[in-house]
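Chain residues, written in single-letter form:
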Amino acid sequence: MLPQQIATYGVAQQDIQTVDAFQAPNQKIQSASTNEHFVPYIFPGHDPYQIGIVAVLRKLSELSHWQAGWNGADALTPDRQAIAQAYQWLLLFSHVVSNARLPWLEPSVSASADGEVALEWWHNRKILTIYCNGRSIEYIRSWGVQILDEMDDGDASSKQAIQDLWNWLVNG
Amino acid sequence: MDEVADDEILYRRVLARSGHVKVEPDGTVHATSLAFSERHQQTSVFRALLCRNNATYIQDQPTDGVASLITVDVRNIALIGPNEQRNSITYLVDVLPDPLQPHEARPEIRAAHAIIVLQPAYCTDKTYKRLLHALARLASQRVWIISPHFL
Numbered sequence: 012m013l014p015q016q017i018a019t020y021g022v023a024q025q026d027i028q029t030v031d032a033f034q035a036p037n038q039k040i041q042s043a044s045t046n047e048h049f050v051p052y053i054f055p056g057h058d059p060y061q062i063g064i065v066a067v068l069r070k071l072s073e074l075s076h077w078q079a080g081w082n083g084a085d086a087l088t089p090d091r092q093a094i095a096q097a098y099q100w101l102l103l104f105s106h107v108v109s110n111a112r113l114p115w116l117e118p119s120v121s122a123s124a125d126g127e128v129a130l131e132w133w134h135n136r137k138i139l140t141i142y143c144n145g146r147s148i149e150y151i152r153s154w155g156v157q158i159l160d161e162m163d164d165g166d167a168s169s170k171q172a173i174q175d176l177w178n179w180l181v182n183g
Numbered sequence: 013m014d015e016v017a018d019d020e021i022l023y024r025r026v027l028a029r030s031g032h033v034k035v036e037p038d039g040t041v042h043a044t045s046l047a048f049s050e051r052h053q054q055t056s057v058f059r060a061l062l063c064r065n066n067a068t069y070i071q072d073q074p075t076d077g078v079a080s081l082i083t084v085d086v087r088n089i090a091l092i093g094p095n096e097q098r099n100s101i102t103y104l105v106d107v108l109p110d111p112l113q114p115h116e117a118r119p120e121i122r123a124a125h126a127i128i129v130l131q132p133a134y135c136t137d138k139t140y141k142r143l144l145h146a147l148a149r150l151a152s153q154r155v156w157i158i159s160p161h162f163l
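Going down the list, the sequences are from chains U and S. So the first sequence is numbered by the working numbering: it starts at 12 and just counts up by one. So the second sequence is numbered by the working numbering: it starts at 13 and just counts up by one.
Hints were generated in silico from the structure; no laboratory data involved. It is possible that part of the hints are untrue.
List of simulated lysine to aspartate or glutamate pairs, EDC-like, C-alpha gap at most 16 angstroms [said to hold, decoys possible]:
#1 S:Lys-138 <-> U:Asp-160
#2 S:Lys-138 <-> U:Glu-149
#3 U:Lys-170 <-> U:Glu-149
#4 S:Lys-138 <-> U:Asp-163
FRET-style restraints, in silico, Cβ to Cβ [unchecked claim]:
#5 U:Gly-155 <-> S:Ser-100: 16 to 26 angstroms
#6 S:Ala-123 <-> U:Pro-114: 40 to 50 angstroms
#7 S:Arg-118 <-> U:Glu-117: 29 to 39 angstroms
#8 U:Arg-146 <-> S:Asp-19: 37 to 47 angstroms
#9 S:Ala-123 <-> U:Ile-62: 47 to 57 angstroms
#10 U:Trp-179 <-> S:His-115: 39 to 49 angstroms
Quick caveat: nothing in here was measured; it's all calculated off a predicted structure. Positions of the beta carbon are idealized from the N, C-alpha and C atoms, including for glycine.
Using the sequences provided together with the hints, build the complete structure.
Rendered as structure tokens:
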């Protein structure tokens, strides 16, 4: 992907940290920097993971066009730092999933009313939501409606966390 | 102020365009947990009975979907989590009438507006997000009152 193509996704380059997720996948994403340019190492081809991730990145970029009050009420504009952070996380996620040859499932890409970016998957009665707020990346997962016994939450920023969460979602 | 009866049906407007609706590969369409997210940890719903059971009243756009919940199912969500002081307490989930003002909504739905709230108010962010999962799951167990339309 060329830098000018990144711009078409609507995520300003100055909002995003320089992290080549495909070359440095062990890096734990902490926050999005505003100081450097970002050149992801993606070349869309016939690989289903790369085709999938490009489609998701396109949806992610659309969040930058949402205006305050997008929900018909008092929702905040999706935070640009959160969008940039989600962009990085998705690249790392794609790397982890493709390396492990785990199935690809497309998430819904959305925002919370407080401006966080959210990625959500439903699979076999399981729900996994990843929230990016520009500072941290956290997950909520559930396998039933009982909040105490059938849900948990935690940090989702590391490669190991991504792999564990994805194994839980797609297996069983 | 009247109470919301346990057997009342609640309508929830779901935007079709915002990624709050997901179509799965098998064709299943469901509202995501984000479709229930609102600021201040209060999720808006409309009481079907007071909308004359006409869900079109709560649509802003013709493409909007309308999902539904049963009040008692919402109230049966027992939520135990940390409060802002990090003490673990039990939250009750309730549905309270919250009529809108004339400038906030059209006449047909003003009286029907209600909010899903936690009591005591204000849990941690993560606890509220668990509630959103529960609401999405409850809605997914019921058929759409109005299916969202994708452009």
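Q.
Can you confirm whether the C-alpha distance between S:Lys-138 and U:Glu-149 stays at or below 16 angstroms?
A. holds (9 angstroms)
**Q.** Verdict for S:Ala-123, U:Ile-62 (Cβ pair) under range 47 to 57 angstroms
**A.** holds (49 angstroms)
Q: Check the following: the C-beta atoms of U:Trp-179 and S:His-115 are separated by a distance inside 39 to 49 angstroms.
A: The hinted range 39 to 49 angstroms holds for U:Trp-179 and S:His-115, with Cβ atoms some 47 angstroms apart.
(Q) Holds or violated: the 29 to 39 angstroms window for the beta-carbon distance between S:Arg-118 and U:Glu-117? (A) Between S:Arg-118 and U:Glu-117, where Cβ atoms are some 36 angstroms apart, the hint holds.
Q) At the C-beta level, are S:Ala-123 and U:Pro-114 separated by a distance inside 40 to 50 angstroms? A) holds (48 angstroms)
**Q.** Assessment of proposed distance window 16 to 26 angstroms (beta carbons of U:Gly-155, S:Ser-100)
**A.** For U:Gly-155 and S:Ser-100 the Cβ distance comes to about 20 angstroms; the hint holds.
Q | 16 angstroms Cα cutoff - pair U:Lys-170, U:Glu-149 | A | Cα-Cα ~13 angstroms, so holds.
Q) Taking 16 angstroms as the top limit, are the C-alpha atoms of S:Lys-138 and U:Asp-160 close enough? A) holds (15 angstroms)
**Q.** Satisfaction of hint between U:Asp-163 and S:Lys-138, Cα-Cα up to 16 angstroms
**A.** Distance of about 9 angstroms is within 16 angstroms: holds.
Q: Just tell me: holds or violated, for the beta carbon distance of U:Arg-146 and S:Asp-19 against 37 to 47 angstroms?
A: holds (43 angstroms)
Hint check: no violations occur; every hint is consistent with the structure.
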